[in-house]
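Protein chains in written order, with this note's numbering: chain A, 157 to 272; chain B, 85 to 199.
Hints were generated in silico from the structure; no laboratory data involved.
For glycine and all other residues, C-beta sits at the position ideal for the given N, C-alpha and C.
Fair warning: there could be bad hints in the mix.
To be verified - Quick partial rundown of chain A residues pointing at chain B, CB under 7 Å, derived from the structure:
{"hint": "1", "residue": "Lys259"}
{"hint": "2", "residue": "Phe262"}
{"hint": "3", "residue": "Gly263"}
{"hint": "4", "residue": "Gln264"}
{"hint": "5", "residue": "Gly265"}
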Amino acid sequence: GENVEQHPSTLSVQEGDSAVIKCTYSDSASNYFPWYKQELGKGPQLIIDIRSNVGEKKDQRIAVTLNKTAKHFSLHITETQPEDSAVYFCAAIPGAGGTSYGKLTFGQGTILTVHP
Amino acid sequence: NAGVTQTPKFQVLKTGQSMTLQCAQDMNHEYMSWYRQDPGMGLRLIHYSVGAGITDQGEVPNGYNVSRSTTEDFPLRLLSAAPSQTSVYFCASSRHPTGGMETQYFGPGTRLLVL
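With the rest of the complex left out, here is chain A:
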């Protein structure tokens, strides 16, 4: 099945700096890559996603890039704010032909701390 590796496990930045979280996946049939933010005591919430026919997607301070050849994708947060502090998860879903078709596989998570 699909395997998703996420790095780093913890990330500490100063307010206003940028933060980058990287993920790699194993199943070349994966074609959808969402990113989730989880605040303490809550369920994960989708913040941005990218499909395999797109190399980059941006939504205000958040951007995601995808390199299908290398099978890795990254989350970029610019001008970080204290309220960005949370756990971030990447995920991948294999498309038709993949052994885990339609099943969401998560990375291990990154604890982001933004210091004021």
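Given the coordinates of chain A, assemble chain B onto it according to the supplied hints.
Okay, now just chain B, sitting in the frame of chain A:
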């Protein structure tokens, strides 16, 4: 819309006890799933359903049963709780029947402690 709701929020069980974690969604989503979240391991898929009457196993199904008699509800049953099932459980739903390439909406979670 309430979205995805889960009950209870927190539960303590003794080894060998059984219980049902409830999950409901009011978005008329076809796809529903259960995940468990353990430290350092992300979220792992337990069981999922692509519609009423249809369920299938995920990555870690042992010790759990599910059924889907209605579109709205997808309960998760622990038949004989074990300490290894201590975890936080999340239910999620999605419009797409396979869950793929569609936003999955998560509930607030149930924190389970098995002694």
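Supplied contact hint for A:Gln264, tested at 7 Å Cβ to chain B | Result: holds, 5 Å to nearest chain B Cβ.
Given A:Lys259 was flagged as interface, is its beta-carbon under 7 Å from a beta-carbon of chain B?
-> holds (6 Å)
Holds or violated: A:Gly265 as interface residue toward chain B, Cβ cutoff 7 Å?
-> Holds. Min distance 5 Å.
Per-residue hint verdict: A:Gly263, partner chain B, C-beta under 7 Å = holds (6 Å)
Close enough to count: is the Cβ of A:Phe262 nearer than 7 Å to one in chain B?
-> holds (4 Å)
In summary, the structure agrees with every hint in the numbered list given earlier.
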